[in-house]
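Please work from the sequences and hints to get the whole structure.
Here's the letter readout for the chains.
There are 2 protein chains.
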Amino acid sequence: MVKENEVPGRLEWRVNMPNGSSRILAPESRETCNRLQSLVMRIFLNIRGFLDKAWNLAINEPKKVVHCLKVGLALSLVSVFYYMRPLYDGVGGNAMWAVMTVVVVFEYTVGSTLYKCVNRAIGTCLAGSLGIGVHWVASQAGDKFEPVILQVSVFLLAAAATFSRFIPTIKARFDYGAMIFILTFSLVSVSGYRVDKLVELAHQRVSTIAIGASICILITMILCPVWAGTEVHHLISNNLEKLADSLEGYAAENFSVDGSKNVHEKDSSKRLQSYKCVLNSKAAEESMANFARWEPAHGKFNFRHPWKQYLKIGASMRSCAYCIETLHGGINSNTETPEFLKKPLNDVCMRLGTSSSKVLKEMSSMIKTMKKSTKLDILVDEMNSSVEGLQNALKIFPSYQHIPTPDPATEEAPTGTEEPSLKPTALSLMEIVHMATLTSLLVEIASRIEGIVEEVKELATQAEFRDESSKKSKQNQTKINGNDGNEHEVTMKTLQKV
Amino acid sequence: MVKENEVPGRLEWRVNMPNGSSRILAPESRETCNRLQSLVMRIFLNIRGFLDKAWNLAINEPKKVVHCLKVGLALSLVSVFYYMRPLYDGVGGNAMWAVMTVVVVFEYTVGSTLYKCVNRAIGTCLAGSLGIGVHWVASQAGDKFEPVILQVSVFLLAAAATFSRFIPTIKARFDYGAMIFILTFSLVSVSGYRVDKLVELAHQRVSTIAIGASICILITMILCPVWAGTEVHHLISNNLEKLADSLEGYAAENFSVDGSKNVHEKDSSKRLQSYKCVLNSKAAEESMANFARWEPAHGKFNFRHPWKQYLKIGASMRSCAYCIETLHGGINSNTETPEFLKKPLNDVCMRLGTSSSKVLKEMSSMIKTMKKSTKLDILVDEMNSSVEGLQNALKIFPSYQHIPTPDPATEEAPTGTEEPSLKPTALSLMEIVHMATLTSLLVEIASRIEGIVEEVKELATQAEFRDESSKKSKQNQTKINGNDGNEHEVTMKTLQKV
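First to last, the sequence lines map onto chains A and B.
If you count the first sequence from 1, you need to add 3 to reach the working numbering.
If you count the second sequence from 1, you need to add 3 to reach the working numbering.
Identical chains share a label here; the pair holds if one copy fits it or two copies do between them.
Result set (SDA-like, lysine to any residue): computed pairs, CA atoms no more than 20 Å apart in a straight line: (1) K56 <-> F169; (2) K285 <-> L314; (3) K200 <-> Y86; (4) K303 <-> L238.
Because the hints were derived from the structure by calculation, they are not lab data.
Shown next, in the form of structure tokens:
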């Protein structure tokens, strides 16, 4: 045992010996102690950091904690088969398979649990019957050929099933099933060589697997179910909002006329970066849309909800995010755009940025509420007219600048009432490049947003989004009275459409 | 049985009855037959398409076929434990666990197989000993409390282990181990309630798992091993080449002066699109770099090869690919750039595109050969001077155009010897936007390529890439004699550096 005693003036290390005496540590041993202490501290800090991380995860995503409790519950339930004699005898000591099924099959979302259950069922039944068949054939062939036939069949079928797992269509839907097929086939056909009551054994195993699987399905679907479909639905709608946020944030940061640039800098930089989530969510979208196909109708989703369409929306969203990334990447320019161009162009750019982000937000809320939006078309029109406005501005603005030339007559005694004469001076391309790039990236982003709009509309058609209710129309009508003429006209148009 | 008999003039369907008579089918039955036939045809075509796909996969990636044969071989080997009486008795009828281990653990790459084996071993041992401990504690508590203690411990540990699988650091390295931990702990602690010789059982299971795992490891490492490390290494180097290809292709398509645009159009469009692989390879890179960490030293890679650095290169490559995507996305412009600007700018753009793609190609070959490149710095310098050239060109070119103004005196009788008088006319911004955007995207791409260069150099340092051999220097020297002065100077500089 090492103890730290503070002696006035200097630090001393003492070791208390078992016989009661104590010894002051020599410098080398002290160094070792220090090192040991720092090691312990480091380990302790690591563990603390890890626990902090875990705690934050638990706080931020309570659903995951609930999932863990569900797994614990399922296992406790299935272990009852061991504790109750009649149940244990009922499955002939094969309760192990039920426990194994629960551990392997219970996943975070309902869809993935169902995927695994169905795959396990199909794989087990197919391989089990095939295994029994092969075993029968082999047993007819005599003692000499039996192992050969069994081994060759295992070799061939295992290789074929493994290969099928590389084929994309099989991989997406039956990867786990193929693995279970190999497992069951090998076990049944090979262990059949030693086990006599093969059919009975197979029957007991299938029934225990069925018990495990049904416990999983019940718990996952009844207790706070996490539907993969709902997850992908929210993911897409949140991502749309994130894109809108970072576009709006960018516009506010770069084109805003007032000095609102530095307000809540931390918040805004986080908002600006939120498009990055979109860049990285491909894998999550794909796996969840894939699992969603296994789920029954739930909430607002039918059994045949067009989950594939979400992937298309995701792809077009990413294509838009690439552009935003380029925009944010800071198109480098050494030369500043001249002020006389900057101000009016900033205005139109700001308008385009805002209208684009409005379109994105409208789509996000459209997906969230699963209602067709009457405002979407208007917002897209607005965005397009902003694009036109920007293009017109570009057409109108000449690439020269009126620079005041000093008039020799008035140079020494400026009267102040006369305006200095202006001479048009051409800008070099360098001075224009930065602004030109920004504008054309914004236009490109707007055109890619139109791509998203098309996919979202397709989703609305395929998933039969409801029309906006008459209640909403009424709300619009009340809005008309309190607003300016322009909005009045636009909303009237919408109402006619409805 | 349905038979098709062609009667001149029209088609008839006849059914031959068992008694020898035949009956002409009524239109409805014929329709049913037609439908059935088309259904069969469709199924047949689907199956054929599927088999075609599988065949193509097998042809294109023979490594995967070899993997399938390896799985078959491993299973055949492990099933020997069933066929040989002494072996079967040796493992006490627990041969099943060996088969199961092989099926579950055998993966495509050596790294992932090792990952699973190590995880399975750690998980099994940890959970097994913990399970036996809990079982002992529970058995001391008396018959009444035993199931309660067991069930509570299963609930708590399963929930905790499941939660740990959500923590990124655990998920990356020990996801499978946590699952095996839950499985083994539940089986051991719960089945201990019914099985008497628990320790003996555990011993037998561990030994069968060890047998299965070692068969897997031996086969995966000896027979045509697929190393995850080599895969990620090639993936990164190929992706660099793909980026170079699509950049070069883009430059050739858009800035080339001669009409080489339409040569091999199909090839070139495929080449142009190759950057898309880079956008989508994040998941593959991450999983492979993760598995590579489990692999022993192999080929040119040490045990502690900096696999994480590959992920950094991948990230900076993707950031460059986003820009290229924006470039390829076709920055939309309704107005063409005026010819007098286009030609000289095309030239500098072409030079920048070519020099950027050369840098990428050099990095690709540097990674491929794992040799430090002396040429890389020169190429980067070249790229930077191209960037400067482009920026200078932009600075020099004014944004006005000399348009010939008809001289009233010479209008009707042009003499041809006199040049028409030119009047400077300012361009509108619109006419410049397209070219300006292209140039600044190219400059941005070049700056992102520099980011890749830094990461690749870091890899070269960390992984201790060899210096280029003296043989290479000699080759350079011969090159000097045959080339222009500029290259001479540059290569001399390099030689001095070496």
